[in-house]
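J.: Sequence:
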Amino acid sequence: LEEFGKLDILVCNAGIWEGAPVEVISEELWDKVLEINLKGTWTVCRASVPLMKQQKFGRIVIVSSTAGQRGEANVSNYAASKGGQISFTKSLATELAAHGITVNSVAPGWVDTEMNTEVFADEDYRLGIEKNIPLGRMASADDVARPIVFLCTDWARHITGEVLNVNGGSVLCG
Numbered sequence: 001l002e003e004f005g006k007l008d009i010l011v012c013n014a015g016i017w018e019g020a021p022v023e024v025i026s027e028e029l030w031d032k033v034l035e036i037n038l039k040g041t042w043t044v045c046r047a048s049v050p051l052m053k054q055q056k057f058g059r060i061v062i063v064s065s066t067a068g069q070r071g072e073a074n075v076s077n078y079a080a081s082k083g084g085q086i087s088f089t090k091s092l093a094t095e096l097a098a099h100g101i102t103v104n105s106v107a108p109g110w111v112d113t114e115m116n117t118e119v120f121a122d123e124d125y126r127l128g129i130e131k132n133i134p135l136g137r138m139a140s141a142d143d144v145a146r147p148i149v150f151l152c153t154d155w156a157r158h159i160t161g162e163v164l165n166v167n168g169g170s171v172l173c174g
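To convert, note that position 122 of the sequence shown is 122 in the numbering used here; the numbers rise steadily by one, no gaps.
Hints listed in this document are in silico derivations from the structure and should not be mistaken for laboratory results.
Watch out, some of these pointers could steer you wrong.
[As the list claims (entries may be wrong)] What follows is a list of derived Cβ distance ranges for each label pair:
1) ILE159 <-> ALA73: 41 to 47 Å
2) GLY161 <-> GLU35: 21 to 27 Å
3) GLU123 <-> GLY161: 24 to 30 Å
4) THR153 <-> VAL119: 29 to 35 Å
5) LYS32 <-> ALA73: 18 to 24 Å
[What the hints assert, rightly or not] Listed next, the in silico SDA-like pairs over lysine to any residue satisfying Cα-Cα at most 25 Å (straight line):
6) LYS39 <-> GLU27
7) LYS6 <-> THR66
8) LYS90 <-> CYS152
Please read these numbers as outputs of a predicted model, since none were measured by experiment.
Heads up, the beta-carbon is just placed ideally off N, CA and C, and yes, glycines get one too.
With these hints in hand, go ahead and build the complete structure from the sequences.
T.: In C-alpha cells form, the structure reads like this:
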C-alpha cells in the first residue's frame, strides 16, 4: 500500500498438503491444515476487503483444489479445507459484488511443484496419476498462474463466484 496506494488484486495461494487416514490423523495435523488453508484465506480477505470496498473495485482469486470438489482419500483435512475455500469463494462473491469486487477460485488438480516432490519420488505412482489425466500430464505452476491472471483482468469483469478447474481434465475422470 505504501508504494502503490491501493489494493486491486488479492491472490490467496498459501497452503499445505498433509494428511493421514481419518482414524489416525492427529487433531494437531487436522487443525494445522485447516488453519493455514482455510483460516489463512479468511484472514487475508478480511484484511483486504475494506480497502477494496473503499475503492469500489477488486479482484480476489482463491486457489482451492479439485480435492475440495470431489474429496480425496487419506487427506480429508486437505479436501475439507479446500471445499471450505470453494464455499467461501461463492459466499464472498455474493457479499462483495455490489462493491465492484469479483471473487473466484482456481481449482488445480495435481501440480508439479516442490510440495509434491516426496509424493512423486515413486515414479510408478506418478505415472499412475498422469494416466488418469486426459491431457496426459500434471499441470505446471505456469498452467495454474495463467488462469489466475485472466481472472484478474478486465476480460473477466463479469465473472464472479466461479470455480475454474485447471486439472487437464482429471476432474472428469473421478
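J.: Please list, smallest to largest, the hint numbers that this structure does not respect.
T.: Going through the list in order, the structure violates hints 1, 3 and 7 and respects the others.
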